[in-house]
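Add chain L to chain C, keeping to what the hints say.
2 protein chains.
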Amino acid sequence: MEIKVLKNILDVNDQIALQNRNLLKEKNIMMINVWASPGAGKTTLMLRTAEALKGKARMAVIEGDVASSIDTETLAQAGVTAIQINTDGGCHLNAGMINSALQNLPLDEIDVIFIENIGNLICPGSFDLGEYKRIIIASTPEGDDKPHKYPLMFTVADACIVHKIDLIPYVNFDIDGFTRTVSGMNGKIEIFKISSTNGDGVETWADWVLKQLDNYRK
Amino acid sequence: MEIKVLKNILDVNDQIALQNRNLLKEKNIMMINVWASPGAGKTTLMLRTAEALKGKARMAVIEGDVASSIDTETLAQAGVTAIQINTDGGCHLNAGMINSALQNLPLDEIDVIFIENIGNLICPGSFDLGEYKRIIIASTPEGDDKPHKYPLMFTVADACIVHKIDLIPYVNFDIDGFTRTVSGMNGKIEIFKISSTNGDGVETWADWVLKQLDNYRK
Numbered sequence: 000m001e002i003k004v005l006k007n008i009l010d011v012n013d014q015i016a017l018q019n020r021n022l023l024k025e026k027n028i029m030m031i032n033v034w035a036s037p038g039a040g041k042t043t044l045m046l047r048t049a050e051a052l053k054g055k056a057r058m059a060v061i062e063g064d065v066a067s068s069i070d071t072e073t074l075a076q077a078g079v080t081a082i083q084i085n086t087d088g089g090c091h092l093n094a095g096m097i098n099s100a101l102q103n104l105p106l107d108e109i110d111v112i113f114i115e116n117i118g119n120l121i122c123p124g125s126f127d128l129g130e131y132k133r134i135i136i137a138s139t140p141e142g143d144d145k146p147h148k149y150p151l152m153f154t155v156a157d158a159c160i161v162h163k164i165d166l167i168p169y170v171n172f173d174i175d176g177f178t179r180t181v182s183g184m185n186g187k188i189e190i191f192k193i194s195s196t197n198g199d200g201v202e203t204w205a206d207w208v209l210k211q212l213d214n215y216r217k
Numbered sequence: 000m001e002i003k004v005l006k007n008i009l010d011v012n013d014q015i016a017l018q019n020r021n022l023l024k025e026k027n028i029m030m031i032n033v034w035a036s037p038g039a040g041k042t043t044l045m046l047r048t049a050e051a052l053k054g055k056a057r058m059a060v061i062e063g064d065v066a067s068s069i070d071t072e073t074l075a076q077a078g079v080t081a082i083q084i085n086t087d088g089g090c091h092l093n094a095g096m097i098n099s100a101l102q103n104l105p106l107d108e109i110d111v112i113f114i115e116n117i118g119n120l121i122c123p124g125s126f127d128l129g130e131y132k133r134i135i136i137a138s139t140p141e142g143d144d145k146p147h148k149y150p151l152m153f154t155v156a157d158a159c160i161v162h163k164i165d166l167i168p169y170v171n172f173d174i175d176g177f178t179r180t181v182s183g184m185n186g187k188i189e190i191f192k193i194s195s196t197n198g199d200g201v202e203t204w205a206d207w208v209l210k211q212l213d214n215y216r217k
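Protein chains in written order, with numbering that gives the first Met the number 0: chain C, 0 to 217; chain L, 0 to 217.
Looking at chain C on its own, in the form it has when it is part of the complex (with noise of 0.2 Å):
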């Protein structure tokens, strides 16, 4: 006798997140899924992306909010191709809400998008958007201790962005601490120091995302 296993919705979203890998592929497109807390200062780190990018690489932002267009209207003020979607409530984005901002952007314009991912480091962490890297950003005023407390983003993501590094000298932030902790849970992790406000180390940041354009497209 034969038992038949309902997928769970895990498995749906996985194959709607290959779909969108598969139509990434054939675009030539690369996708980045941007994982941080609410207020870790994802938007502003988008407009410094874009301006470093200008010339070199043609981007857009998928924005993900539980509410609010308030973030695609400062990106598409700035002249950043940016899509708004909204959970009403939803702690995540999945890969159905994706595969539709994808087929509102024009995508043959496109070299790289951003997804700015809902502000939770936890349920993000478990959905596939169809991506090809994953990227977590830790603001210094959240404190040192957020690998330990939400491990699961720190352990998969491809790179870790400490963001608000001119505050370091007003906030408890140890970050060699942070280093070492973050690189003894992920070995293969990358870590960039950026401060959006004044540009420290946006430019570092950009040549790594069109090096991993090189990578996807070879």
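Possibly wrong hints are sitting among the right ones.
Since the list can't tell identical chains apart, any single copy or any two copies may satisfy a pair.
[Unchecked claim] Okay, derived cross-link-like pairs now, SDA-like style, lysine to any residue, Cα gap no bigger than 20 Å in a straight line:
#	residue 1	residue 2
1	K217	T86
2	K55	I190
3	K24	M96
4	K26	D107
5	K192	V170
6	K192	Q102
7	K187	G176
8	K192	Y169
9	K53	D157
10	K187	N197
11	K192	T86
12	K132	P150
13	K26	N98
14	K24	L106
15	K187	I82
Hints are computed from structural coordinates only; laboratory data are not their basis. Source: prediction; values computed, not measured.
Just chain L now, with coordinates in the frame of chain C:
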């Protein structure tokens, strides 16, 4: 024909929340559910609150974290009664977890229990734990737009703490605009402006907690 509808998880949670509420009433203990982003300073606020309540009310903390027991160790070292719940990846505390914690606390020696919920501005807002009051902490480095992006918690909380006000000179946070927005979303919310680093605003907040305890016990 009668159609049977299975109760959903929220109903089950609500049943246990009611049990918690009844147990606390019997023991004359007020419980406050504290919501915030990762790194908004929940534990530091708990330390300051314990100092301010000393000799006035006996306080305990139920510490929720995805992983680790760093915060409970910090509280215990400062002499605050604390118990740790690890959700092992789970994004919120539920009433059953709180029920287990209550069974492991010395309830006859406690007047006020604070629950430090998981650092997450979304999921915990949907789960009643049996608390008497709900508090949302908004940390200034997160920016002043959080009420627009994560409206549920700001709409249903009894009080909002604007935390890390000592960092306002270094970050982009319009405190008057923030206060107007939150008051507009929730006409009954009380707003406190606190720095747990230098102690500003802690006394006013502690007085409010004691007033709530009086009201609860009337």
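Going down the list of hints, with the structure as the test:
1. Within a single copy, K217 and T86 get their C-alpha atoms no closer than 35 Å, and across copies no closer than 42 Å, so neither meets the 20 Å cut-off.
2. Proximity of K55 and I190 under a CA criterion of 20 Å is satisfied in neither setting, with 22 Å inside one chain copy and 47 Å between copies.
3. In this assembly of identical chains, the alpha carbons of K24 and M96 lie at most 20 Å apart only when taken from the same copy (18 Å versus 45 Å across copies).
4. Proximity of K26 and D107 under a CA criterion of 20 Å is satisfied intra-copy only: 7 Å inside one chain copy versus 66 Å between copies.
5. Taking the shortest alpha-carbon separations for K192 and V170, both the intra-copy value of 16 Å and the inter-copy value of 18 Å come in at or below 20 Å.
6. Proximity of K192 and Q102 under a CA criterion of 20 Å is satisfied in neither setting, with 34 Å inside one chain copy and 45 Å between copies.
7. Taking identical chains as interchangeable, the C-alpha atoms of K187 and G176 lie at most 20 Å apart only when both belong to the same chain, with a minimum of 17 Å there against 43 Å between chains.
8. In the homo-oligomer, the alpha carbons of K192 and Y169 lie at most 20 Å apart both inside one protomer (16 Å) and across protomers (18 Å), since each shortest distance falls under that limit.
9. In this assembly of identical chains, K53 and D157 lie within 20 Å of each other by CA distance neither inside one copy nor across copies; the values are 23 Å within and 46 Å between.
10. Taking the shortest alpha-carbon separations for K187 and N197, neither the intra-copy value of 28 Å nor the inter-copy value of 39 Å comes in at or below 20 Å.
11. For the homomeric pair K192 and T86, neither the shortest alpha-carbon distance inside one copy (30 Å) nor that between copies (30 Å) is at most 20 Å.
12. In this assembly of identical chains, the alpha carbons of K132 and P150 lie at most 20 Å apart only when taken from the same copy (18 Å versus 30 Å across copies).
13. In this assembly of identical chains, K26 and N98 lie within 20 Å of each other by CA distance solely inside one copy; the values are 14 Å within and 53 Å between copies.
14. For a Cα distance limit of 20 Å, the shortest separation of K24 from L106 inside one copy, 11 Å, qualifies, whereas the shortest one across copies, 59 Å, does not.
15. Neither within a single protomer nor between protomers do K187 and I82 lie at most 20 Å apart by alpha-carbon distance, with minima of 31 Å and 35 Å respectively.
In terms of the numbered hints stated before, the structure departs from hints 1, 2, 6, 9, 10, 11, 15, listed from lowest to highest.
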